[in-house]
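A.B. asks: Sequence:
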Amino acid sequence: MRRYIHPIGFIVLFLCMSLIGHAYILYRFFADGLLYTGPNDGMEQMVPIQMFLYEKWSEGTFFYATDFGLGGDFFTDLSYYFSTNFIFILTTSVTCLLALLHIVDPKDMMYWFTQAWVVSILKCTGAMIATYYYARQLKLQHVASVVFAVLFAMSPLYFRFTVYWPFFSDVFILLPLLLLSIERFLKSGKLGLFIIITAISFANNFYFAYYQVLMGLIYYSLRVFHPHPDDQKRGIKTVLPLVVAAVLGVGSSLFFFFHGARSFFNNQRIPFDGDMPLIEQFNENTNLFYDNYLIIISFVVIQALLTFKLYRHFYFRLFAILSILTIIAAFIPYVDSIFNGFSAPQNRWHYLLAFVTSGLIATYIQHFKSLSRLTYILTAIPAMAIVFMSASMNDRVVWWIYLIPIVFLIGLLVLTIEHHDNKRCHFVTVSFACALIVLQFAMSAVFIKNQIFHTDHEKRANTFYAHASLYNTPLQQSLVDQMNADKREDERIDWRVNEQDNTPMYQHFKGMSLYSSIFDQQLIEFYYRYLMINLKEESVSRYQSTGSRSNIASLLSVRYLMEKDYQHQQPAHFEKVHQFGQYVMYENQYPLPAVRVSHHYYNAEDLTTPIDREHAMLDGVVLDHQGQTYPQKAQNLVHEVEMTTLDAQRTRSDGLTVTKPNGGVTLQLPETLREQYEDFYLVVYFKRNAPDSNSTLDVNGYENHRLFNNSKYRTGQNTLLYRVQPDNNGQIHLGISPTGSYQLRIQGLYGEDYDTLKQAYHQQAPHHYEEHQGKIKVHLAEHSGGMAVINIPYRKGMTAIVDGHAVIPQKVNGMMTGIKIGPHAKQIDIHYRPPYFITMIVLSIISIISSIIYSRWYQHKQSRKSEKH
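Here my numbering is used: position 620 in the sequence shown is 620, and no number is missing along the way.
Bear in mind the hints are in silico, worked out from the structure with no lab data behind them. Mixed in with the good hints there might be a few duds.
[To be verified] The list that follows gives simulated cross-link-like pairs (lysine to aspartate or glutamate, EDC-like), each with its CA atoms no further than 16 Å apart:
id: 1; residue 1: K660; residue 2: D624
id: 2; residue 1: K459; residue 2: D486
id: 3; residue 1: K576; residue 2: E563
id: 4; residue 1: K811; residue 2: E525
id: 5; residue 1: K758; residue 2: D619
id: 6; residue 1: K687; residue 2: D624
id: 7; residue 1: K459; residue 2: D32
id: 8; residue 1: K107; residue 2: E59
id: 9; residue 1: K633; residue 2: D753
id: 10; residue 1: K777; residue 2: D829
id: 11; residue 1: K633; residue 2: D755
id: 12; residue 1: K820; residue 2: D624
id: 13; residue 1: K107; residue 2: E55
id: 14; residue 1: K564; residue 2: E575
id: 15; residue 1: K811; residue 2: D624
id: 16; residue 1: K775; residue 2: E489
id: 17; residue 1: K449; residue 2: D32
id: 18; residue 1: K687; residue 2: D698
id: 19; residue 1: K712; residue 2: E537
id: 20; residue 1: K190; residue 2: D230
id: 21; residue 1: K633; residue 2: D612
id: 22; residue 1: K536; residue 2: E703
id: 23; residue 1: K487; residue 2: E771
id: 24; residue 1: K536; residue 2: D698
id: 25; residue 1: K712; residue 2: D231
id: 26; residue 1: K564; residue 2: E499
id: 27; residue 1: K758; residue 2: E678
id: 28; residue 1: K536; residue 2: E563
id: 29; residue 1: K826; residue 2: D755
id: 30; residue 1: K576; residue 2: D486
id: 31; residue 1: K712; residue 2: D692
id: 32; residue 1: K576; residue 2: D565
Note that the coordinates shown come from a computational prediction; the quantities given were computed from them, not determined experimentally.
With these hints in hand, go ahead and build the complete structure from the sequences.
C.D. replies: Printed below as a string of C-alpha cells:
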C-alpha cells in the first residue's frame, strides 16, 4: 500500500496546481459568466461539433449523417477535431453515464461550456504527471521535476490552445510521453512504451501526429549524436529497432489514423503562395519574453542560457541547445510552414519551445546550488534588463514584472544560505522553486486576462451571449421545432443565426450550412465551382445556403427559410408564412422531394454553366462521362446589355480603377429581358490588385466580402455568380470598395424564368427516405425506372440494397447519390461504412499482436546479450 502513497501524493499535488492555475478562469466564470471557450472557433465550431458527435453516438449513428451540413461521413471529416480523439471519447462516455443518472443534461449547451474547464483542469493535471515522469526518467530531483511539470503545463500556450481548439492541448500530454519513451529505450532498450505512445499519437489526431514525428526526430537526433553516459543503446544501432517499433505503432493506430489521413487528402485547399519573410520583425507580437499573444518565456531562461558553467551537465546542455534552436526558429516563418505541412505558416509548434525552456529551468534548479553568487547576479542583470526594456517599449506594463526582483532575491538568498548553512538549503531551494512556479502562475493569469479574456471575448463568450439572439435563444429553438414538425424528415430548413454556420448542430435540424476546417473535396467542388454558390463572407472553411437561388433550394429539398427581418436574401417563390418578432419564416412554393427517379441522363462534360447544370438536374440526372447533351442551354445575354462605369475608370479590357467607394460598373438591362425573366444570374471575374487588402463587391445591395489575396482562408474562386434582380430603373450596379485597382470582367448574364423548376415540381412523385442509426431507407412511389437520385452526398463506402438485391451506388448531379433501379423497385436500403474500415481494424489487431511479440522478443534478446557480457 505504501508504494501507492507517493504517486497518489504527486497526483493530488498536480491537481491542486492545476486548480490554482485555473483559479482566475473559474473566478471569471462564476463571477462574470465568462466562458472558457473562444468566441470564434470555440463557440462556432468546437462546442457545436462536440454536441453533434455526442448526439449521433448516443443514438447509435457512428459514420454517416444526412444532417451533417448537406450530409456526409462525419466520422472521417471530423477526425481533425474530436471523432477519433481519446479524451473526447472518454468525456462523452462519462457524460453518457452522468446523463443516465440525470445529473447533467447534454442537450443544454451550458453543459458543454462548463465541461470545457473541468476537462481542462484534468488534462492539465495529466500533462503535469506525464512531464514529471519524463523528468524523473532524466534523474532530476523531485523539486526540479515538479518545476518542470508545472512550468510546462501552466504555459500560456496551454490556455490559448484549450480555449480556442481544445484538442490542440492534448499534445501537452503526448509530447512528454513520446520523449519519455525515447529516453526509456535509450536507457534500457525497452520499446513497449514507444509503440504505445506512437499508436496513441497517430490514432488521436492525424494532424498533430505529424508534429509528434518532427519533434521526436529532432529529439532523437540530438540524443543519438550526443549520447548520455548511461545510454545502453547508442548510435546507428538504435535506428532499426525504433523504425520497426514506429511502424508497428502506426500500424496499431490504423483503425483511426487511416481515416483521419483520408480526410486530409480528401480535403481541398488552394496552395499557399503568399509572401513569407525570411525573419519576423522583433516587436511586441514576437517578443517571447514579455506580454506576447502566443507564448511567454520566463526571464530565468535567459539567465540559464548565460550560465556557461552548467553546460557541462548533459541534460542542461541538451535543453540549452534545444532552447536556443527553438527561440531562433520562432522568428523564422518557414519553420511555421514546415510544421504546417509546408503550407501557410501557423504558430502551432511552439509548445515544443514551452517544453524545452521548462526543461532548461528545471535542470537549472537541479544544479542551482553549484552556482556562485557572482555568476547568479551577472547572469540575472541582462535577463531582467530584457524584460524591463520590453516593458518600457510596450504600451502596457504587466504586474508580474514586479515579481521578478522578488524571485531574483529569493534565488540570491538560497545561494547565500548554501554558503553558510547547508542544512537549511533544501528548504530554501524549495522556496526558490515555489517562487518560479508563482511567477509562472502570474504570467499565465495576466496572459489569460489580456490575450484570452480580451474585450471581444468578454463581449461574446459569456453566458448571456450564449442565450442571446446572436447565438441561441428559446424562441429560435421553438421556431425550429415548429418548422421541424411541419416538414418531412428528409426536407431541409435554410436557417442559421447570423454567421453561426453550425447552428443546425446545436438547434437540431437538417440545415444547409457547415463550418469546419476539413471538407470532402466533392462538396467544395459542388459549392464553389460546379454550381458557384456565392458565400456572402468568403471562407474556405464554410459553406451555407443556396446563394438565394430557388433551383438549388428545391433540388436540396429546402421547405423553409428563416431570416431576421433586416435580412432580405430569400430566393424567388419563397412566400412569407409567419413572423414572430424579428424572425420571418418563408415557405418554398416549389419544393422537390429528396428522392427523384428519372431516365433522362445528361453528360456533365457538355454542361459549362451553373444555370445549365441546375436545369439538367431538374430535368433529369447529370452523369460523369456518359449521357446525352442537354438540349435547352441558357443563352448568354451579356451582349444585350449596356455597361457604363461610375466613379471608376477602365484601364484595359478587364482592368478597373475605382476612384470612390462603391464605384464600379453599371449594367442597363433592356425592358424586353426584364419582362421575359424573373431573375438573372450574373457571372463576373473579380480580383483585387496591389495593394492587397480585403474587398467588397456590392451587387444591387448584396455585399459580398472577399478576402485579401494572401489569405490562407481564401477559396481561390475569382469567378463569381450572383443571383440578382435589376432595380426599378432596370440597372444592376457592381459597387466596389475600397478604392484602388481591380480586375473586373463581366463573363455572363443569364435569365431565369423558372419554367424548368415549375415543370419538375408538377411532375414529382412522393418518394422519400427515412434515416435511423446511419441507415437510410428509401421508399419509392410509382415510377417507370431509371436512376433514383437521393440528394445526399455520395461517399465511397456506400452500399445499396434494392428490394433485396445489391446495387452499386454512384455519384450523380455533381455530388448526389444515384442508384439504378427497375420499374418495379419499391425500397432501397443504403448503408455506409468508411472504406477499408474492417481492413484497418484487422491490420491494427495484427500490428498490436506483432508489437507485443516484437517488444518482448527484443527485450529478451537484449537481456541475453547483457548476461553474456
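A.B. asks: Check the hint pairing K487 with E771 against an upper bound of 16 Å on the C-alpha distance.
C.D. replies: holds, 15 Å
A.B. asks: Within 16 Å, alpha carbon to alpha carbon, are K660 and D624?
C.D. replies: With Cα atoms ~46 Å apart, K660 and D624 exceed 16 Å; violated.
A.B. asks: Starting from K449, check that the Cα of D32 is at most 16 Å away, please.
C.D. replies: holds, 13 Å
A.B. asks: Just to be careful, I want the Cα atoms of K712 and E537 compared with a cutoff of 16 Å; is the pair within it?
C.D. replies: holds, 14 Å
A.B. asks: Please verify whether K687 and D624 have alpha carbons no more than 16 Å apart.
C.D. replies: violated, 31 Å
A.B. asks: Are K811 and D624 close enough, with their CA atoms no more than 16 Å apart?
C.D. replies: holds, 8 Å
A.B. asks: CA of K564 to CA of E575, is that 16 Å or under?
C.D. replies: Holds. K564 to E575 sits at ~15 Å (cutoff 16 Å).
A.B. asks: For the pair supplied as a hint, K459 and D32, is the alpha-carbon distance within the 16 Å limit?
C.D. replies: At roughly 11 Å apart (the allowed maximum being 16 Å), D32 and K459 satisfy the hint.
A.B. asks: Would you check the hint for K190 and D230, treating anything up to 16 Å between C-alpha atoms as holding?
C.D. replies: holds, 14 Å
A.B. asks: Taken at face value, is the distance from the CA of D698 to the CA of K536 at most 16 Å?
C.D. replies: holds, 10 Å
A.B. asks: Compare the distance between the alpha carbons of K536 and E563 with 16 Å, and conclude whether the hinted pair is satisfied.
C.D. replies: Roughly 15 Å separates the two Cα atoms, so the pair holds.
A.B. asks: Check whether the Cα positions of K758 and D619 lie no farther apart than 16 Å.
C.D. replies: holds, 11 Å
The structure is inconsistent with the numbered hints 1, 2, 6, 25 and 29, although it conforms to all the rest.
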